[in-house]
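Guided by the hints, dock chain U onto chain G, whose structure is given.
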Amino acid sequence: MTRVAVALRGFAAFWWDFIVGDDWRIAAAIVIAFAATAAVATTSFPAWWIVPLAVLITLALSLRSAARAARNN
Amino acid sequence: MHTTLLVLAVFAACVVESVEALTIVLAVGVTRGWHATMRGVAAGLIVLAALVAALGPALTVIPINALRLVVGGLLLVFGLGWLRKAILRASGFKGLHDEDAIYQRQLAAAEHARPGGIFGDSYAFTLAFKGVLLEGLEVVFIVLSFGANQHSIPLATVGAAAAVILVAVAGLALRAPLARVPENTLKFAVGVLLTAFGTFWGVEGADGHWPGSDVALLPIIGAVLAFALAAVWHLRRVHNRQTARSRTDPTRATEATSGSTR
Chain G
1 MTRVAVALRG FAAFWWDFIV GDDWRIAAAI VIAFAATAAV ATTSFPAWWI VPLAVLITLA
61 LSLRSAARAA RNN
Chain U
1001 MHTTLLVLAV FAACVVESVE ALTIVLAVGV TRGWHATMRG VAAGLIVLAA LVAALGPALT
1061 VIPINALRLV VGGLLLVFGL GWLRKAILRA SGFKGLHDED AIYQRQLAAA EHARPGGIFG
1121 DSYAFTLAFK GVLLEGLEVV FIVLSFGANQ HSIPLATVGA AAAVILVAVA GLALRAPLAR
1181 VPENTLKFAV GVLLTAFGTF WGVEGADGHW PGSDVALLPI IGAVLAFALA AVWHLRRVHN
1241 RQTARSRTDP TRATEATSGS TR
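Just so you know, the protein sequences line up as chains G and U, in that order. Numbering-wise, the working numbering puts 27 at position 27 of the first sequence, and it's gapless, one number per residue. Converting from the second sequence to the working numbering requires adding 1000 to each position, the first position being numbered 1.
No wet-lab data here; the hints were simulated from the structure. Do not take every clue at face value.
[What the hints assert, rightly or not] Derived, one-sided and incomplete: chain G residues facing chain U with beta-carbon distance under 7 Å: (1) Ile30; (2) Phe34; (3) Thr37; (4) Ala38; (5) Ala41; (6) Val51; (7) Pro52; (8) Ser62; (9) Ala66; (10) Ala67; (11) Ala70.
Note that the Cβ used here is the ideal one computed from N, Cα and C, for glycine as well.
Isolated chain G (complex conformation):
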């Protein structure tokens, strides 16, 4: 791999780690929840509850998997 490719890869890895962090599923869940809110907001149903619900479920699942990983280490 060339030096430029290594540098680009390092740069991308830094931003991935900086923004996505320890659990990529949190970022994925947020994007999906925003998309679902935007979709439901075009109808006559209330859409405000989708993101808070997704946040609480995602946090709970992420904590459960982190606790399991710590227990198995």
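Only chain U this time, still in chain G's reference frame:
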């Protein structure tokens, strides 16, 4: 009310990151001398200030709904990351951040590095620069996110600057890492606030409408806080059960050990 919470969140986030940066800077300065170290600190602060100056005005041009969606997403990612880490530390599943231990590790590493380089001492310069830049980058994003959305980047910057000055003065006075700052409690509080603001703005950016409009922020903060405290309580019980089991059954001893401090 939003503005007060904004300044508080930025201030607390900046205290946490400044304490971590101070530990690195102190260890490098004490072992390698202050000249190159302070150059590194100054260079790091200049880059961070340039980022705020360049990105701040650019963000205000973005349409408000798109801005709220991006800002809400960023705050949620950062907030949930901080909250997750703080909950795992408070419940014993992750080791607490130990500034004294980190300081000793940095001291040992700095003593063995070779001197020399274009900045007088490249090792000291680079380490201080990286410490300030990396610890400060998240704060810059929080300042920009809050500031651009509330149209008060200068106010958010004041909150951040006050925290940097406070930590720097305390560090200079003590000449030791600020190990007694309740870092995890601050991280927990910042995580709750970032998650609540991110949820609020994310929904508004996606065209959702909160019942009660702006007042909805308070119940959101309350709900996130209650959930996080319940998670600490539950996970602490699980951790204690595992620890008790591992005491009676030595083959399970490794199960209850805490993770790394990172």
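Hint check:
Interface hint at Ile30(G): satisfied, since its Cβ lies 5 Å from the closest Cβ of chain U, which is below the 7 Å cut-off. Satisfaction of the interface hint for Phe34(G) is found here, the shortest Cβ-Cβ separation to chain U being roughly 5 Å, below the 7 Å cut-off. At a threshold of 7 Å, the smallest CB-CB gap from Thr37(G) to chain U is about 4 Å, leaving the interface hint in force. The restraint placing Ala38(G) at the interface with chain U holds, with a minimum CB-CB distance near 4 Å, inside the 7 Å limit.
Hint on Ala41(G) holds. Least Cβ distance to chain U is approximately 4 Å, under the 7 Å limit. Given the 7 Å rule on beta carbons, the hint for Val51(G) holds: about 5 Å separates it from the nearest Cβ of chain U. At its closest, the beta carbon of Pro52(G) sits 5 Å from a beta carbon of chain U; the interface hint therefore holds under the 7 Å criterion. Interface hint at Ser62(G): satisfied, since its Cβ lies 6 Å from the closest Cβ of chain U, which is below the 7 Å cut-off.
The closest approach between the C-beta of Ala66(G) and any C-beta of chain U is roughly 6 Å, which is under the 7 Å cut-off, so the hint is satisfied. Checking Ala67(G) against chain U by beta carbon gives a least distance of about 5 Å; that is within 7 Å, so the hint holds. At about 5 Å, the closest approach between the beta carbon of Ala70(G) and any beta carbon in chain U falls short of 7 Å, and the interface hint on this residue holds.
Hint compliance for this structure: no hint is broken.
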